[in-house]
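Novice: Listed below, chain by chain, are the residues.
2 protein chains.
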Amino acid sequence: MEIIKSPGEMQERSLQLKRQGKKIGLVPTMGFFHEGHLSLMRIARERCDAVVVSNFVNPTQFAPTEDLDAYPRDFERDCRLAEKIPVDIMFNPEKQNMYPEGFRTHVEVEGWGKKLCGASRPIHFRGVTTVVLKLFNLVMPDAAVFGWKDAQQFLILKRMVKDLDLPIEMIGGEIVREEGGLAMSSRNKYLSPEERREALVLSRSLGEAREMIEKQGIKDCGILKNHIRKQIDKTLHGKTDYVEIISLETLEPLEEVKKGDTLIALAAFFGRARLIDNVRC
Amino acid sequence: MEIIKSPGEMQERSLQLKRQGKKIGLVPTMGFFHEGHLSLMRIARERCDAVVVSNFVNPTQFAPTEDLDAYPRDFERDCRLAEKIPVDIMFNPEKQNMYPEGFRTHVEVEGWGKKLCGASRPIHFRGVTTVVLKLFNLVMPDAAVFGWKDAQQFLILKRMVKDLDLPIEMIGGEIVREEGGLAMSSRNKYLSPEERREALVLSRSLGEAREMIEKQGIKDCGILKNHIRKQIDKTLHGKTDYVEIISLETLEPLEEVKKGDTLIALAAFFGRARLIDNVRC
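Chains A and B, in that order, give the protein sequences.
Position one of the first sequence corresponds to residue 3 (our numbering), numbered consecutively onward.
Position one of the second sequence corresponds to residue 3 (our numbering), numbered consecutively onward.
Just chain A, same shape as in the assembly (with noise of 0.2 Å):
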């Protein structure tokens, strides 16, 4: 596996890859990788020829009252994971060469940064599509993968790379889950043993509002968002931060559920971990 740590040098291998005519997938990530990463690595190995993950612990996301310091890293570790997949290049660039001096463009899309996990994370959105355009613009991919577990940065990036009629086709890859329901997440880490095993209530509520559509065909979204919030506020660390029922084509928040047009989404606290789950329905 190479590793890249120059920009310029990323864009050179891949315009060189183009010119080989090979079909380039980018996995865009921070790092740390867990099972939810691997899959979309293995996605990409399945579908194109070269295959790049990006491993950027990207500043710009994170508002300074975050944990973009604490965000766990373990470089070694993640080449050597990468590398059994295999990945075929290993794109690590630092910062500053990200984010020169006298930087100061950004891309967004309108109004949907500031919904569900954009509410409390205000400027998050905003650092995510603007890196992951400049992840494009440098790896130039055929295909993209990016997982379903953070829904709403999915469908925000499908919008951009539509609107700005990017040629690169769009992948998400499944919400890959720890024994007992948890959503893989590389904030996982945060959490102390008993916070873990409450957690559990957010894939577990979410499994009920599945349930309570399809077997009891309740739709008011109303009902489900107060089951859902009511499971998790009554454990002991668990703290609701929002539950949203949205249409996955225009992120308008749903009265009634829309059979193939709904995502359930939600965002909580354990302790200093903010988690975030979704099902699509």
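It cannot be assumed that every hint is accurate.
Identical chains share a label here; the pair holds if one copy fits it or two copies do between them.
Pairs of lysine-lysine residues, derived as DSSO-like cross-links and limited to a Cα-Cα distance of at most 30 Å, are as follows [to be verified]:
1. LYS117 / LYS236
2. LYS117 / LYS97
3. LYS164 / LYS261
4. LYS191 / LYS116
5. LYS25 / LYS7
6. LYS116 / LYS260
7. LYS160 / LYS232
8. LYS24 / LYS164
Calculated from the structure, these hints are not laboratory results.
For chain A, the structure is supplied; the task is to place chain B on it using the hints.
Specialist: Frame of chain A; chain B shown alone:
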């Protein structure tokens, strides 16, 4: 000359040209060609294998109060003029295909779009950067040619290209002037004969400022700006919008002329025409 209307077809055609190893040059325009546009096309012709000219009056860079509907158009004449260069492809998309329902993505070069022309046209440069990024993604040029007449636009777009890591060479073409010195502009069409005569003050006063710098050694930007402003405002129909002297590097206002890094830029109204002009020192 090929005329392509569909964005998807344009992108397909560019991918084909790239597979053939052709170097693509793009000249983005809003049509109604004058010698200024043609000079940019000649630069692209000299440096590239395939010359694409986009011809699109971009609605998102006009405020509701501005001259979008009145903006002069003559597509057939444009085609005849471009064919003589010769241009290979004229890309002439419909606005509903550039901005289909649900479009909501914007790119912005923070701060720089609010200075100079941006003070009186606050949404203008956001519209410009967004449409040019779309054109870049559709045409995938190796080089793009813009006129120095819209100096702020050119500097903002160069910053965007650098910040977003786009592998595109940005080329500036010098201002082409009518006899008497008036910078060529599609908006000169709005001028009455008397306004047109008076508007010569723009290039003349810029030339005087340059002489004051070069021959008299004047460096104080206040003195230079005052001189220009006075010349414009003493005409019968002219009204200064702004006169600014800024760094080409940072776009910050200068107190003293900095040899090689100075732009003197102005905008003024003559009747219903808002005209711009500039010199670099």
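Novice: If a hint holds in the structure, say so; if it does not, say that too.
Specialist: Comparing the hints with the structure gives:
| no. | hint | result |
| --- | --- | --- |
| 1 | LYS117 / LYS236 | within (25 Å within a copy, 53 Å between copies) |
| 2 | LYS117 / LYS97 | both (27 Å within a copy, 28 Å between copies) |
| 3 | LYS164 / LYS261 | within (24 Å within a copy, 44 Å between copies) |
| 4 | LYS191 / LYS116 | within (27 Å within a copy, 43 Å between copies) |
| 5 | LYS25 / LYS7 | both (21 Å within a copy, 28 Å between copies) |
| 6 | LYS116 / LYS260 | within (23 Å within a copy, 42 Å between copies) |
| 7 | LYS160 / LYS232 | neither (32 Å within a copy, 52 Å between copies) |
| 8 | LYS24 / LYS164 | both (23 Å within a copy, 26 Å between copies) |
Against the hints set out earlier in the document, a violation occurs for number 7 only.
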